[in-house]
Amino acid sequence: MLPRTLYIRPSDLTKALEALEEHGPGARVIAGGTDLIPSMRARTQLPSCLVDIQGLGLDTITRTDGFVRIGAACTFSELARSGIIREMFPVLREAASAIGAVQTRNLATIGGNLSSAVPSCDSAPALYVLKARLTLISLRQQRAIPVEEFFQGPRRTVLAPAEILAWIDVPVPPDRSGSAFLKIGRRKALTLAIVNAAASVCLAKDGSTVEDATISLGAVAPTPLRARKAEALLKGCTWSEELVKEAAWVASGETSPISDIRASADYRRELCKVLVRRALTHAWKRALGGDQR
Amino acid sequence: MKRAIILVVNGTEHSVEVQPSDLLVDVLRDRLRLTGTKKGCGTGECGACTVLLDGKPVNSCLLLAIRCEGRQITTIEGLGTPDSLHVLQKAFIDNGAVQCGFCAPGMLLSAKALLDENPAPSEMDIRQALAGNICRCTGYVKIVKAVSSAARTMSGAEGGGR
Chain A
522 MLPRTLYIRP SDLTKALEAL EEHGPGARVI AGGTDLIPSM RARTQLPSCL
572 VDIQGLGLDT ITRTDGFVRI GAACTFSELA RSGIIREMFP VLREAASAIG
622 AVQTRNLATI GGNLSSAVPS CDSAPALYVL KARLTLISLR QQRAIPVEEF
672 FQGPRRTVLA PAEILAWIDV PVPPDRSGSA FLKIGRRKAL TLAIVNAAAS
722 VCLAKDGSTV EDATISLGAV APTPLRARKA EALLKGCTWS EELVKEAAWV
772 ASGETSPISD IRASADYRRE LCKVLVRRAL THAWKRALGG DQR
Chain B
421 MKRAIILVVN GTEHSVEVQP SDLLVDVLRD RLRLTGTKKG CGTGECGACT
471 VLLDGKPVNS CLLLAIRCEG RQITTIEGLG TPDSLHVLQK AFIDNGAVQC
521 GFCAPGMLLS AKALLDENPA PSEMDIRQAL AGNICRCTGY VKIVKAVSSA
571 ARTMSGAEGG GR
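The listed protein sequences derive, respectively, from chains A and B.
Counting from 522, one number per residue, gives the positions in the first sequence under the working numbering.
Counting from 421, one number per residue, gives the positions in the second sequence under the working numbering.
Please keep in mind that the hints were generated in silico from the structure rather than gathered at the bench.
Check the hints yourself; a few may be wrong.
What the hints assert, rightly or not - List time: in silico DSS-like cross-link candidates among lysine-lysine, alpha-carbon distance up to 30 Å: (1) Lys562(B) - Lys709(A); (2) Lys709(A) - Lys459(B); (3) Lys806(A) - Lys726(A); (4) Lys476(B) - Lys709(A); (5) Lys562(B) - Lys536(A); (6) Lys750(A) - Lys794(A).
I would like the entire structure built from these sequences, with the hints used as guidance.
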């Protein structure tokens with residue numbers, strides 16, 4: 522049995538925002554509910570009112586000039602299936618497919634995954650390396666922020682009360698670029714990441730100089746992080762296995778993992794080296810055009 | 421604050437009064453007496469409560485019943501009857517894929533959703549489709565075999581599988 526609560530199904534986004542405003546800090550947005558319902562069951566979240574944001578038009582994936590707009594209420598199944606995502610952001614398709622199991626992905630949304638803000642959040646590293654921007658909407662204002670500025674700590678985000686994460690804008694990647702996502706958990710499905718990693722590589726016209734590289738790691742710090750020292754090391758250099766190995770070492774040093782029931786901090790640091798090396802290599806292959814999928 | 425809603429389960433409309441906090445699994449089992457859907461972990465990790473929502477597998481322990489109005493819900497009771505088993509049910513029996521049986525309703529519905537979408541799945545496709553359904557008895561080998569044999573039967577028999 523869940524604790525009793527009010528339930529509101531608004532007919533549009535404005536009405537949803539009004540409902541959140543009216544019911545105050547006890548009101549919570551419900552999208553997929555795969556995180557919220559178990560939290561209510563465990564009494565770690567006791568919302569006085571649930572405001573349903575399904576069916577408000579926040580579940581579309583649309584291509585616009587220069588970027589793709591992903592509605593926050595898109596499920597991971599929809600993302601994994603989308604032709605646009607598959608073609609343009611394989612890294613995001615990989616992250617979407619790594620979450621939960623079929624049943625979870627049919628309900629869980631990308632906006633919910635971000636808003637829950639657990640450090641092992643699988644969608645964040647993919648969105649970090651894609652340099653996505655999030656649009657947050659309340660009755661008073663609409664603001665767009667880089668995804669990296671969204672998280673404040675475990676289960677803490679910059680979302681103000683009565684503010685909704687509405688959509689995610691992902692810029693179209695430049696030519697000669699590629700990205701990839703990898704996750705290690707205790708098993709292959711229905712598990713939180715021990716470490717997850719995403720990387721993107723953009724090559725110069727010569728096909729061997731790294732013009733730009735981004736590396737993101739999850740479950741190794743209070744929030745998902747960018748390994749900026751490792752990125753700086755790669756930039757402007759000629760691609761080589763040695764270089765990538767060194768970058769992976771540096772990236773691992775930028776983390777601050779904890780030991781918990783899933784793994785020790787030492788193991789996580791080791792995993793970072795392996796996953797960053799693999800993710801960079803995979804991204805590089807895609808940048809070369811050898812492997813689009 | 422109870423609300424009267426209409427749930428469409430296995431093609432039949434049921435009028436029920438629910439609290440917003442009532443979970444679909446509880447409404448199915450306790451109110452509609454459709455106890456084929458099992459409640460295991462209650463946190464969306466074991467898959468015993470799997471039902472199909474508009475043809476897609478979901479955990480009914482994570483779904484508020486009130487959010488399912490106007491959607492098509494399929495439970496194990498809608499798959500076959502003792503006199504006329506679904507091809508998948510027959511295959512589970514023939515291949516010894518059922519031991520204690522607690523996971524079977526969820527397994528069967530996940531398998532049905534897979535075959536509806538992909539009539540000729542590989543072993544990896546089957547394992548991925550069933551990754552959200554935990555079985556503590558069989559070791560999965562016979563379940564995977566049963567799904568694969570049902571797929572063959574269904575593609576062989578024209579329009580088979582109901």
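Evaluated hints:
1. Distance check on the hinted pair: Lys562(B) and Lys709(A) sit about 20 Å apart at the alpha-carbon level, within 30 Å; holds.
2. Restraint check: the Cα-Cα separation between Lys709(A) and Lys459(B) comes to about 23 Å, which is no more than 30 Å; the hinted pair holds.
3. A hinted pair counts as satisfied when its Cα atoms are at most 30 Å apart, and Lys806(A) with Lys726(A) qualifies at roughly 15 Å.
4. Taking the CA atoms of Lys476(B) and Lys709(A), the gap is near 21 Å; set against the 30 Å cutoff, the hint holds.
5. At roughly 51 Å between alpha-carbon atoms, Lys562(B) and Lys536(A) are farther apart than 30 Å, so this suggested pair is violated.
6. Pair hint Lys750(A) plus Lys794(A) holds up; C-alpha atoms about 14 Å apart against a cutoff of 30 Å.
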